Structure formats: structure tokens, C-alpha cells
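Those sequence lines, one after another, are chains E and W. At position 61 of the first sequence the residue is numbered 61 (full-length UniProt numbering), and the sequence of numbers has no breaks. At position 121 of the second sequence the residue is numbered 121 (full-length UniProt numbering), and the sequence of numbers has no breaks.
Since the hints were made in silico from the structure, they are not lab data. Everything numeric in this text was worked out from a predicted model, so none of it was measured. Treat the hints with care, since some could be wrong.
Identical chains share a label here; the pair holds if one copy fits it or two copies do between them.
[Stated by the list, open to error] Calculated lysine-lysine pairs in the BS3-like style (CA-CA distance at most 27 Å, straight line):
id : residue 1 : residue 2
1  : K149      : K176
2  : K299      : K355
3  : K84       : K99
4  : K189      : K299
Number of protein chains: 2
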Amino acid sequence: MQFCSDPPRVETVRTRVTEQFGIEYPIFAFSHCRDVVAAVSRAGGMGVLGALYFTPEELELELKWIDEHVGGKPYGVDVVMPAKYEGADLGDAEELVGKLQGMIPAEHRQFLENLLEEHGVEPSTESAGRVLLGWTDQTARPQVEIALKHPIALLASALGPPPADVAELAHQHGVKVGGLASNARHARKQVEAGVDIIIAQGTEAGGHTGDVSTMVLIPEVVDAVGEDTIVLAAGGIGRGRQMAAGLALGADGVWTGSIWLTVDEADTPERALPKLLAATSRDTVRSRAWTGKPARFLKTAWTEAWESEKSPGYLPMPMQFMLIADALPRIARSGDGELVTFPVGQIVGSMNQVKPAAQVVYDLIEEYVESIERLNTITEG
Amino acid sequence: MQFCSDPPRVETVRTRVTEQFGIEYPIFAFSHCRDVVAAVSRAGGMGVLGALYFTPEELELELKWIDEHVGGKPYGVDVVMPAKYEGADLGDAEELVGKLQGMIPAEHRQFLENLLEEHGVEPSTESAGRVLLGWTDQTARPQVEIALKHPIALLASALGPPPADVAELAHQHGVKVGGLASNARHARKQVEAGVDIIIAQGTEAGGHTGDVSTMVLIPEVVDAVGEDTIVLAAGGIGRGRQMAAGLALGADGVWTGSIWLTVDEADTPERALPKLLAATSRDTVRSRAWTGKPARFLKTAWTEAWESEKSPGYLPMPMQFMLIADALPRIARSGDGELVTFPVGQIVGSMNQVKPAAQVVYDLIEEYVESIERLNTITEG
Numbered sequence: 001m002q003f004c005s006d007p008p009r010v011e012t013v014r015t016r017v018t019e020q021f022g023i024e025y026p027i028f029a030f031s032h033c034r035d036v037v038a039a040v041s042r043a044g045g046m047g048v049l050g051a052l053y054f055t056p057e058e059l060e061l062e063l064k065w066i067d068e069h070v071g072g073k074p075y076g077v078d079v080v081m082p083a084k085y086e087g088a089d090l091g092d093a094e095e096l097v098g099k100l101q102g103m104i105p106a107e108h109r110q111f112l113e114n115l116l117e118e119h120g121v122e123p124s125t126e127s128a129g130r131v132l133l134g135w136t137d138q139t140a141r142p143q144v145e146i147a148l149k150h151p152i153a154l155l156a157s158a159l160g161p162p163p164a165d166v167a168e169l170a171h172q173h174g175v176k177v178g179g180l181a182s183n184a185r186h187a188r189k190q191v192e193a194g195v196d197i198i199i200a201q202g203t204e205a206g207g208h209t210g211d212v213s214t215m216v217l218i219p220e221v222v223d224a225v226g227e228d229t230i231v232l233a234a235g236g237i238g239r240g241r242q243m244a245a246g247l248a249l250g251a252d253g254v255w256t257g258s259i260w261l262t263v264d265e266a267d268t269p270e271r272a273l274p275k276l277l278a279a280t281s282r283d284t285v286r287s288r289a290w291t292g293k294p295a296r297f298l299k300t301a302w303t304e305a306w307e308s309e310k311s312p313g314y315l316p317m318p319m320q321f322m323l324i325a326d327a328l329p330r331i332a333r334s335g336d337g338e339l340v341t342f343p344v345g346q347i348v349g350s351m352n353q354v355k356p357a358a359q360v361v362y363d364l365i366e367e368y369v370e371s372i373e374r375l376n377t378i379t380e381g
Numbered sequence: 001m002q003f004c005s006d007p008p009r010v011e012t013v014r015t016r017v018t019e020q021f022g023i024e025y026p027i028f029a030f031s032h033c034r035d036v037v038a039a040v041s042r043a044g045g046m047g048v049l050g051a052l053y054f055t056p057e058e059l060e061l062e063l064k065w066i067d068e069h070v071g072g073k074p075y076g077v078d079v080v081m082p083a084k085y086e087g088a089d090l091g092d093a094e095e096l097v098g099k100l101q102g103m104i105p106a107e108h109r110q111f112l113e114n115l116l117e118e119h120g121v122e123p124s125t126e127s128a129g130r131v132l133l134g135w136t137d138q139t140a141r142p143q144v145e146i147a148l149k150h151p152i153a154l155l156a157s158a159l160g161p162p163p164a165d166v167a168e169l170a171h172q173h174g175v176k177v178g179g180l181a182s183n184a185r186h187a188r189k190q191v192e193a194g195v196d197i198i199i200a201q202g203t204e205a206g207g208h209t210g211d212v213s214t215m216v217l218i219p220e221v222v223d224a225v226g227e228d229t230i231v232l233a234a235g236g237i238g239r240g241r242q243m244a245a246g247l248a249l250g251a252d253g254v255w256t257g258s259i260w261l262t263v264d265e266a267d268t269p270e271r272a273l274p275k276l277l278a279a280t281s282r283d284t285v286r287s288r289a290w291t292g293k294p295a296r297f298l299k300t301a302w303t304e305a306w307e308s309e310k311s312p313g314y315l316p317m318p319m320q321f322m323l324i325a326d327a328l329p330r331i332a333r334s335g336d337g338e339l340v341t342f343p344v345g346q347i348v349g350s351m352n353q354v355k356p357a358a359q360v361v362y363d364l365i366e367e368y369v370e371s372i373e374r375l376n377t378i379t380e381g
């Protein structure tokens, strides 16, 4: 455990995005853990809570906690409102779950049970709990309603722009709307749909990604959306040099995610943490084996099994996760551990030490400033 | 066709690599075309000729031409000396070809013939010409001998470091040795093998690539090889903002390739050029369908067919190219054009205009300087 040092004494890092949100550093930190969100915002960046796994009631409690611990600093909430998923027209959340459960083929259930048995994972003793999560319109909309009752500064939407009425509602509350985009065409569409801030995310990122790298993507998106739209660079950013590169590519700030999985404050599962700390940048893979859409994960026996010849293939979102939801906690606590996987980007190769979140922020800024100083030496000759 | 403007009036861009080679800009340009190599070196960068496709006699003529047209500026040669390939122990080049030809399965030949017929490609009327190319030790070594008789400044080696005696020979001639690496471990091994300059190439690059992105790879390699080794950033670099990002990540210069396929001076096949100009960054794929090792190409009916259910799979290097060598010129001049593909990186999405090579160099520098100026505005506040 490192001692959390004082904030670095650096020159100001001032972009449109720090001015807009009144934050010190243009560093956005996506996390499912409220402690991380509050810690990053307190350290001068901006924490963004991923709402995906929470019921509206739970989300209310999380945000109340953040409000009490964020010291008045701004923070955001991230919801998932995919434009396309199985069951968009199948009624409310409860109805939807019932209908989709019935659509999961027996072959898939059998493949999963065999896989779990092979790896010594304990049998299921209780019925699967929440399986739909917040990645349908039906389940994300109540999250938005809760979020907008709190003093959030940003509502971000993964997997496409939020529906027009949701963007409008956010704007009525004085809340900026962010959208993740993995190509320039989608970025333009999001701006047309009312998104204020494009989070351009390269293929090296953890979680849902496209296939274009951050290096190629950022200038394309910056040029595509025009000067009036703020762009954050995401994917492969976990060190100050990468932050400098993201801004050099034309972004106004950086959006980070993976690096907060290994901070002191994180609630990363006990069996996943050592794997994350040990992994190299080559140990990830884009796979549909978790959500049904391509997302980057640790490469494990889990991702390999779903790609193997025996695999029945992937189910569409949200059915793939519904199928595996009950297995994940069992994998986390029993069996040989080989199936334990986790969404993470290629930056995992640099995540070798557990540090306080504030320290990660300060380290980013210190290396960023060193990088800029070096560039000036190079360019001035 | 643009008018080739005067060199940009910019502040100096001075790094260890410009000092070492006495060049104006830390921009390396890989090309199989001598005209491009000479043009980039004359414009203040450093052209590097890919020797792969040339016999020793042809290479002699190409280098003689460059010597006469490069205006005394430094240039380099790139050879391919893979550490692992089929037939490394099968005697000299002629013997090797005979033996490997006999090892190509009939199933693969039949799959190829069917594919060509489906796309209306004319039947073969002459026996395949050169099929082995310079990607074996047996065929690359004579290229090295020729190259070292010319005033080259750099001998680069793709697919792993050159054998120790080759590196030593280059050093005896006062020639620096470069090695392409796609991960930090390989980079370290190359330095141990006598490589002076590591070209760290991300997955977004054209041609043979690994799977780690440039954004993640460069800091890893810079830290792994230590302060005494020069690192060039490669993969996804075709604009000034990307050059700035590459240097921000810690590199001493940038290595570019794809962007020289669409310059005035390039000899890119007539049917491939419009495809390159029209492609977006999403239109490439890593495939073994050309050389047997994963390399990035335009995504076409060719790359898709080899991934389809009917595909017999790929042959190991150099047999896959031996199989297809005779088909490539036929595809280039006949049939429906859908099989026409080409090695290129994701930067292809930014290659939308044919320009003189010198103009590409100057545009890179101008945008680079703009990017550095913007970073300074941001950081000084």
C-alpha cells in the first residue's frame, strides 16, 4: 500500500472540458464502485458511476452515498441504452425477462453447465437473481429518473446515444449528455441526437468496443463532429504519456476505466484482482461471451471455451448475460478459478500495483507534464 | 493533383534519431517503391526500401537508382528475416522452393482455383514466377549483402531481429540496425540481439502486426528497452496529430508505411488504388490469407473467403504466399475485382487524396506543430 501523496504541483491543465465542469484535470474515471467515483472527483478529476448493475433502489442509495462523500465536486452517471437489443418491443422489464428466458436454447444451457462442471464450479442452489440489468430501455429509463434527482453533472450513455427524450430531459436538468462512440459515423449521429460530449473509444478499451484503435479513431472523430463538440479520448489510456497522446490527437480530455479496477477503493472480486495485476497487454480479447456484443476481457478459459468448436455460439444482448448471470457469482467463489474473467482493456499490462485512486490521478498528471516538457524540448530544438 | 508546396517553416523537430541520422524530421517512410523512398529522404524524412519483392539483381538496380536520385540524403533498406518459418533447414533457396511446393496440399490449390473461377479471374497461362520472395534466411541474406554495398544508413528487419552475424556485419559497415517489435518482450530480446532502433508497431498497422495497440504498446516498449535505445512509434500514424501522439508516448520518431501507398510517386496497382482511397478505418482486417502470418489488409472477398467455412485454413509462412503468388497478378488484371486486396493499416481511412510524397511530409510537420502549440495552450492555462 502506497502513501497517498499530496496533489502534484503542476501547471494548470485547462481545456474546454475542465472549464465546463469546473474540474481541475480533464480526467474522467468510469467505475461501478461509488468509492472510486467519489475519490477521483475529490482528487480533481471526474468520477462517473456505471449504473448497469443496480436496481433503481440501489442506485438511489449509491448516489446518496456519493453526494455525501464527494465534497461538493461534480460527478456523473453512466447508463446503457442500446439502440438495438433482443426484446426492445416485448413490454415492461418483468414481461421481457420472462419472454427472453423462454427463448434461451437448451443447447446453450447445457454447454454452460458442462463448462462449469469441467472447472469444478459448485452447482446452482438458488434461482438466478437479477439477470436483465440496466441494458435495455425498459431497465435503464428508471435509472435515468433516479440519477436526475441527484446533482449529477454528466449523464453518459454507452452503446449508442440515449433516446431523444432522455437527452432532452437531462438538458432540462442542466445535465450534459455524453455518448460513447467507436467510429466517426456513430459520433456524428450522436451529436445529431443531442449528445454534448463524445467519448471516442478505441478497440484497446475494456468493455464494449469497436475495432478501430484510439490512435486512428480520435482525429477522425474530432474532425467528424466539428469544433463545437467536446471529445474525450478513451481506450488504452492509463498513464500520463497516454493522456498527453490523447490530447495531442485533438481530444479535450481523457476517459479511463480499467485502471480504477486495481485501486484501493475498488470492489473488484477477490479472485479477479490478482489476475488483473499479473496480466500483460497481450492477455485480453474481444469476445461476445459476456453480453452478446463484442467487449474486451481478460483472455481466460471462459472466453476460449465460447470460441471453441464445442461452443453453441453467442446469444444476442441481453440474452447472453441472462444465460450466464447465475454462473458468475458461483465462478467467483468456487471451482479451479480458470473461468474467472473480467472486462478490462489492454492497459491491464500497466496495472501492476494497488494504489489509492487519488494517487493514480496525481501520477497521471505528473507523467503528463513530463511528457509535454519533453515534447517542447524536441520541438524547440 | 496538388501543387507540391515549399517546406513548412517550422520550429526544429530534433530528437536523438534526427541527430543520429542527420535528417530534418523524425519521420521514417517504409515503401516498396524507390521513387517514394528517394522523395521522402529528399523532403527531410528518411525513406526505407522494402526489399522483400526483389531478387538480389533487382535490388542492386533499385538501390543504384536511389543513390542517383536521393541527393545525398540518408535512406534505409528493410529485409524480412523471420526467426521461424517452414523450411528453415531445407537447403538453399532453389531446393527450398521445390520441397515446399511439394508440401502444398491439393485441397488448398483446389480451394484457390474455385475462388478465382467464382470471381472470373483468368486461368493461369504461365508457370508461377518468383514465389519464395525475400522472407527466408536463404533469400534475405543475399539482399543484405547487396544493401551493404550501398551507402545505406539503416538496415531494418521485420518479423524479428536479424541473425546476430547479420547485425554485426551491418555494424561493421557503420549501418544502424532496426527491428520491428509488436510487444515489449520481443523488443527487449531484439536489443539483446544487437538491434539499435526498435520500431514498436501497434496492431492498427498495415502488414504483419501483433494485437496490442500503438497507444498501449509504445510506453511499454520505451520502458522495457531502457533509455539507451531509440524507439520509433508505428501503427496508425499518418497525420501530424498522430506524430505528436507517438512522440508524447515516449518515442523518438515515427515509422509510417500505409500513407505512402497513395502518393503520386507510388506504384500501387491500378485496381487497388481506388479501393485504398475509398476505404474507411473500419475496412481492414488482420488475416493470414497472404503470408501465413497475421497481417493487416483491406477487408475484401479474398480475406473473407479464407475465413469462410469452405476455407481449408492457412499454410505456414512462406507456403501460403507460394500458393497464391501466381494468382495475385491475375487478380490484379482480370475478374470482377472483388478479390483485389492489399496490405494496409487502419490509417487508410485518412488516405483520401493523392499527393506528392514531399507534401505528405510537410503536412505531417504542419499538423504536428499545430498539435504541440495546442498542447501548450492547454497546459499553460
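Here is how each hint holds up against the structure:
1. K149 <-> K176: within (14 Å within a copy, 64 Å between copies)
2. K299 <-> K355: So K299 and K355 pass the 27 Å test inside one copy only (24 Å; across, 42 Å).
3. K84 <-> K99: within (17 Å within a copy, 53 Å between copies)
4. K189 <-> K299: Only across copies: K189 and K299 sit 24 Å apart there, 33 Å inside one copy, limit 27 Å.
Hint compliance for this structure: every hint is met.
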